[in-house]
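Chain A is fixed; fit chain B onto it per the hints.
Listed in order, the protein sequences are those of chains A and B. Each residue of the first sequence is one higher than the one before, counting from 1 in the UniProt record's numbering. Each residue of the second sequence is one higher than the one before, counting from 1 in the UniProt record's numbering.
Among these hints, one or two may not hold up.
Said to hold, decoys possible - In silico EDC-like pairs for lysine to aspartate or glutamate, Cα to Cα no more than 20 Å straight-line:
id : chain 1 : residue 1 : chain 2 : residue 2
1  : A       : K185      : B       : E417
2  : B       : K185      : A       : D440
3  : B       : K185      : A       : E42
4  : B       : K185      : B       : E105
5  : B       : K185      : B       : E60
6  : A       : K182      : B       : D366
7  : A       : K326      : A       : E42
8  : A       : K185      : B       : E60
9  : A       : K185      : B       : D432
10 : B       : K185      : A       : D432
11 : B       : K185      : A       : E417
12 : A       : K182      : B       : E368
13 : B       : K182      : A       : E42
14 : A       : K185      : B       : D440
15 : B       : K182      : A       : D443
The set of hints was computed from the structure by calculation and includes no laboratory data.
There are 2 protein chains.
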Amino acid sequence: MHIDVNPARPALDPGFVAALRQRFGDALEMGAAALAQHGASEAHFAPMAPDAVVYARSTEEVVDLVRLCTAAGVPIVPYGAGTSIEGNALAVRGGVSVNLSQMTEIVAVHAEDFDCTVQAGVRREELNLHLRDQGLFFPIDPGANATIGGMASTRASGTNAVRYGTMREAVLSLTVVTPDGKAIKTATRARKSAAGYDLTRLFVGSEGTLGIITEVTLRLHPIPETISSAVCGFDSLQGAVDTVVQSIQCGVPLARVEILDDKQMAAVNAWSRLDYPEVTTLFFEFHGSPMGVEEQVTLVRDLAEANGGGAFQWSNLPEERAKLWKARHEAYYAAVNVRPGAVGWTTDVCVPISRLPECILETKRDLEAGTVPATILGHVGDGNFHVIFSMDPNSAEELREVEAINARLVQRALLMEGTCTGEHGIGLGKQDWLVAELGDAVDVMRTLKRALDPQDLFNPGKIFSL
Amino acid sequence: MHIDVNPARPALDPGFVAALRQRFGDALEMGAAALAQHGASEAHFAPMAPDAVVYARSTEEVVDLVRLCTAAGVPIVPYGAGTSIEGNALAVRGGVSVNLSQMTEIVAVHAEDFDCTVQAGVRREELNLHLRDQGLFFPIDPGANATIGGMASTRASGTNAVRYGTMREAVLSLTVVTPDGKAIKTATRARKSAAGYDLTRLFVGSEGTLGIITEVTLRLHPIPETISSAVCGFDSLQGAVDTVVQSIQCGVPLARVEILDDKQMAAVNAWSRLDYPEVTTLFFEFHGSPMGVEEQVTLVRDLAEANGGGAFQWSNLPEERAKLWKARHEAYYAAVNVRPGAVGWTTDVCVPISRLPECILETKRDLEAGTVPATILGHVGDGNFHVIFSMDPNSAEELREVEAINARLVQRALLMEGTCTGEHGIGLGKQDWLVAELGDAVDVMRTLKRALDPQDLFNPGKIFSL
Numbered sequence: 001m002h003i004d005v006n007p008a009r010p011a012l013d014p015g016f017v018a019a020l021r022q023r024f025g026d027a028l029e030m031g032a033a034a035l036a037q038h039g040a041s042e043a044h045f046a047p048m049a050p051d052a053v054v055y056a057r058s059t060e061e062v063v064d065l066v067r068l069c070t071a072a073g074v075p076i077v078p079y080g081a082g083t084s085i086e087g088n089a090l091a092v093r094g095g096v097s098v099n100l101s102q103m104t105e106i107v108a109v110h111a112e113d114f115d116c117t118v119q120a121g122v123r124r125e126e127l128n129l130h131l132r133d134q135g136l137f138f139p140i141d142p143g144a145n146a147t148i149g150g151m152a153s154t155r156a157s158g159t160n161a162v163r164y165g166t167m168r169e170a171v172l173s174l175t176v177v178t179p180d181g182k183a184i185k186t187a188t189r190a191r192k193s194a195a196g197y198d199l200t201r202l203f204v205g206s207e208g209t210l211g212i213i214t215e216v217t218l219r220l221h222p223i224p225e226t227i228s229s230a231v232c233g234f235d236s237l238q239g240a241v242d243t244v245v246q247s248i249q250c251g252v253p254l255a256r257v258e259i260l261d262d263k264q265m266a267a268v269n270a271w272s273r274l275d276y277p278e279v280t281t282l283f284f285e286f287h288g289s290p291m292g293v294e295e296q297v298t299l300v301r302d303l304a305e306a307n308g309g310g311a312f313q314w315s316n317l318p319e320e321r322a323k324l325w326k327a328r329h330e331a332y333y334a335a336v337n338v339r340p341g342a343v344g345w346t347t348d349v350c351v352p353i354s355r356l357p358e359c360i361l362e363t364k365r366d367l368e369a370g371t372v373p374a375t376i377l378g379h380v381g382d383g384n385f386h387v388i389f390s391m392d393p394n395s396a397e398e399l400r401e402v403e404a405i406n407a408r409l410v411q412r413a414l415l416m417e418g419t420c421t422g423e424h425g426i427g428l429g430k431q432d433w434l435v436a437e438l439g440d441a442v443d444v445m446r447t448l449k450r451a452l453d454p455q456d457l458f459n460p461g462k463i464f465s466l
Numbered sequence: 001m002h003i004d005v006n007p008a009r010p011a012l013d014p015g016f017v018a019a020l021r022q023r024f025g026d027a028l029e030m031g032a033a034a035l036a037q038h039g040a041s042e043a044h045f046a047p048m049a050p051d052a053v054v055y056a057r058s059t060e061e062v063v064d065l066v067r068l069c070t071a072a073g074v075p076i077v078p079y080g081a082g083t084s085i086e087g088n089a090l091a092v093r094g095g096v097s098v099n100l101s102q103m104t105e106i107v108a109v110h111a112e113d114f115d116c117t118v119q120a121g122v123r124r125e126e127l128n129l130h131l132r133d134q135g136l137f138f139p140i141d142p143g144a145n146a147t148i149g150g151m152a153s154t155r156a157s158g159t160n161a162v163r164y165g166t167m168r169e170a171v172l173s174l175t176v177v178t179p180d181g182k183a184i185k186t187a188t189r190a191r192k193s194a195a196g197y198d199l200t201r202l203f204v205g206s207e208g209t210l211g212i213i214t215e216v217t218l219r220l221h222p223i224p225e226t227i228s229s230a231v232c233g234f235d236s237l238q239g240a241v242d243t244v245v246q247s248i249q250c251g252v253p254l255a256r257v258e259i260l261d262d263k264q265m266a267a268v269n270a271w272s273r274l275d276y277p278e279v280t281t282l283f284f285e286f287h288g289s290p291m292g293v294e295e296q297v298t299l300v301r302d303l304a305e306a307n308g309g310g311a312f313q314w315s316n317l318p319e320e321r322a323k324l325w326k327a328r329h330e331a332y333y334a335a336v337n338v339r340p341g342a343v344g345w346t347t348d349v350c351v352p353i354s355r356l357p358e359c360i361l362e363t364k365r366d367l368e369a370g371t372v373p374a375t376i377l378g379h380v381g382d383g384n385f386h387v388i389f390s391m392d393p394n395s396a397e398e399l400r401e402v403e404a405i406n407a408r409l410v411q412r413a414l415l416m417e418g419t420c421t422g423e424h425g426i427g428l429g430k431q432d433w434l435v436a437e438l439g440d441a442v443d444v445m446r447t448l449k450r451a452l453d454p455q456d457l458f459n460p461g462k463i464f465s466l
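With the rest of the complex left out, here is chain A (with noise of 0.2 Å):
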């Protein structure tokens, strides 16, 4: 794969750079600082800074921003907490940053009607400390406290999917700066429409490449009259990811499911202080009524005691949960700390769920057999996993080892029916991958992107080069 990165390009034309100082003020920021944090990610990718950042407030901000860039031919990077992990926000043409992480406005709250609207720099949890007085959550958790316009942008997910769908289903509406400089609603709040092309979901997903998200109108769900998490040792790999898909199969609606398989939780133990058996574990969440739950645990605890699991350690208190959720959380900081001065390189696969277990065993004999400390995680109830390595920055042998187990798995997921990434986007990484996983359908995508964004500005270089 060709990625055209930062290669040297004159510096950003004075009359632009005028133009943005007299529109944005101190909301213009060139220091090198700030050029630093918008060209630098969680993951492995080298950095690849803007020329500059401009802080935007409003969506008429954001369309003067994009006026100014289109009309002198400089690329436009939305930019919101920086969490994402395909080098999804990285400024591979220079251009200008667009950071959305002051534009935490929650617009409304239709309680009754089960939505929000709130502008694109909110993060997750702040909008659930808003929610929870009403009774009311936002469901997707993609780990990190992500803002909700990047969650959007990169059609997010994380650990409650298995139950309450990812971003593409909790999208109701977008505001979106298109390339043409207009700020468009995608859709109404009703619940369903017939009305034309489906943008919205055009725009879930799209990475920046097709516009800049400013708004966007969720779906909320009622905070459950019962919640129960409990965590679950396994003798074997193998026992817990079956016990995973016999709940599925039968139909359980699991709320959370996630696997940590024994390097995780070594590495989980470590970071957060916990003392965890070590071994391939679940955590679970339950949602619903007192009955509902119950009915749930019953079924799933016999399956897992039939596939090897142990005693299921209970958290039903609110701050038990916190803490079990919170080392969750942490799970990919932890496994990359496993080593001193190692930088995270991660990757994630989905896969029909009949075809987890092979998937998984799989691709844990594959890391047994290199070199490179690595974690297995996921939420496996959609079938979606991830691999986390604690790379030497510093060894091209270790990044080679790690691009050929990714290629591996990605192949394997690929010949499996899956997909090259179920939830952390194309980006700069999984290019030649996405090619792989739907040939000419890649050319479509081409076409709607040189259509709307024929300059090519919009977040140039991700997901795949024009």
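Quick look at chain B alone, frame taken from chain A:
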């Protein structure tokens, strides 16, 4: 609105017809009966016949047909069961209707993954018959025994959408023949993916204007352990709607909840030879475990009673349920045929659930002030309802009245942040309303259409005029 309906156009080029004949033999039909059938619809639109009909039997045949049509500049209009009601399959500019109803292969059922792949011409009732022995079902139910391809093209939903979603959620992947004559696959069988633009959702609901769907991979669901259906009459329309809204707001996972107003109940009784009380009535269906259904029923019955509902009349045996839902499914024909020789004119809107009582009550008042017989029925759990007029096809005055009532209905829905069509699609009938609803976003749709279908040959004149 200007629709370029069947303008005087030259006959098909004889060389083009010869090429069709050579490729398709007897599967090419140009007789008057076939042209008339494909130029008619179930609704009030004037007939708009194609110049030829081709019965396709495979994706490869559709590819060849598309290549012949695009080379000759001839419009191509997909046709399934002909049950759509916004004129979605009419040949506005003639050309070739490609009839997919003979593509009836069930390509694969992956019971353990809860999915299946079918050719576009499979009808939903036949699919469910096929699935029944495996304990699975495909829930989307628009009433008519439509083809799966047609349902995907129009983003169909119907009675079960409140619980199981619409075709937007049900479709995992599509095979689509695009205007450049390629067959693409839009996604894998993975439950979720972050791999590039969501082409699946772009083609779902695009009404054949961007490509022709030839195969569909669908999510399936386990047949619930317990299914209970009930009918409940109400003192008032307000009471019935309030019962639904409150049930949804309490988080009851209703599988179906349909409203039929007094006029619709009278029509159903007459058409289906039943003797329900002729008052506003809710048809319910509950799915779940025995305990789960019991919990739902208890709550909903209490709400109904508090809102002036009568006794629940239960249908728990499969044949009783079939009779009940058959009556519901025939409601459209029942409503149209309240007077002999009438033609159906139907519309639908969808609003946020909190606005539904107001929207339905105002609409009812408007209908009662009119002279054309009309009924209200709908999938009220989604905020979606229909009005069906039984219109004298020869009365310009009745047409004016109906159009005026429809205009007020759609404006009412848009003011309530709803949509001009919950499930019928835009087709020919709602084009101005699409613009009223989404404004500049429609320009983005046009840009996509021009990019993918630069000759404007794929179901031209639908959704919008270019």
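Do the hints match the structure? See the list:
1. Between K185 of chain A and E417 of chain B the CA atoms are separated by roughly 12 Å; this keeps the pair inside 20 Å, and the hint holds.
2. Taken as a hint, the K185 of chain B and D440 of chain A pair is honoured in the structure, with Cα atoms around 8 Å apart against an allowance of 20 Å.
3. At most 20 Å may separate the alpha-carbon atoms for a hinted pair to count; K185 of chain B and E42 of chain A exceed this at roughly 33 Å.
4. Of the pairs offered as hints, the one joining K185 of chain B and E105 of chain B holds, with about 17 Å between alpha carbons and a cut-off of 20 Å not exceeded.
5. At most 20 Å may separate the alpha-carbon atoms for a hinted pair to count; K185 of chain B and E60 of chain B meet this at roughly 13 Å.
6. Restraint check for K182 of chain A and D366 of chain B: the C-alpha separation of about 37 Å exceeds 20 Å, so the hint is violated.
7. Our distance criterion of 20 Å between C-alpha atoms is met by K326 of chain A and E42 of chain A, whose separation comes to about 19 Å.
8. Distance check on the hinted pair: K185 of chain A and E60 of chain B sit about 38 Å apart at the alpha-carbon level, beyond 20 Å; violated.
9. For the hint linking K185 of chain A to D432 of chain B, the alpha-carbon distance of about 17 Å falls within 20 Å, and the restraint holds.
10. Using a Cα cut-off of 20 Å, the hinted pair K185 of chain B and D432 of chain A holds, with the two alpha carbons roughly 17 Å apart.
11. As the CA atoms of K185 of chain B and E417 of chain A are separated by approximately 12 Å, the hinted pair is consistent with the 20 Å bound.
12. Restraint check: the Cα-Cα separation between K182 of chain A and E368 of chain B comes to about 42 Å, which exceeds 20 Å; the hinted pair is violated.
13. Between the alpha carbons of K182 of chain B and E42 of chain A the distance comes to roughly 39 Å, so the proposed pair goes past 20 Å and is violated.
14. Restraint check for K185 of chain A and D440 of chain B: the C-alpha separation of about 8 Å stays at or below 20 Å, so the hint holds.
15. Taking the CA atoms of K182 of chain B and D443 of chain A, the gap is near 10 Å; set against the 20 Å cutoff, the hint holds.
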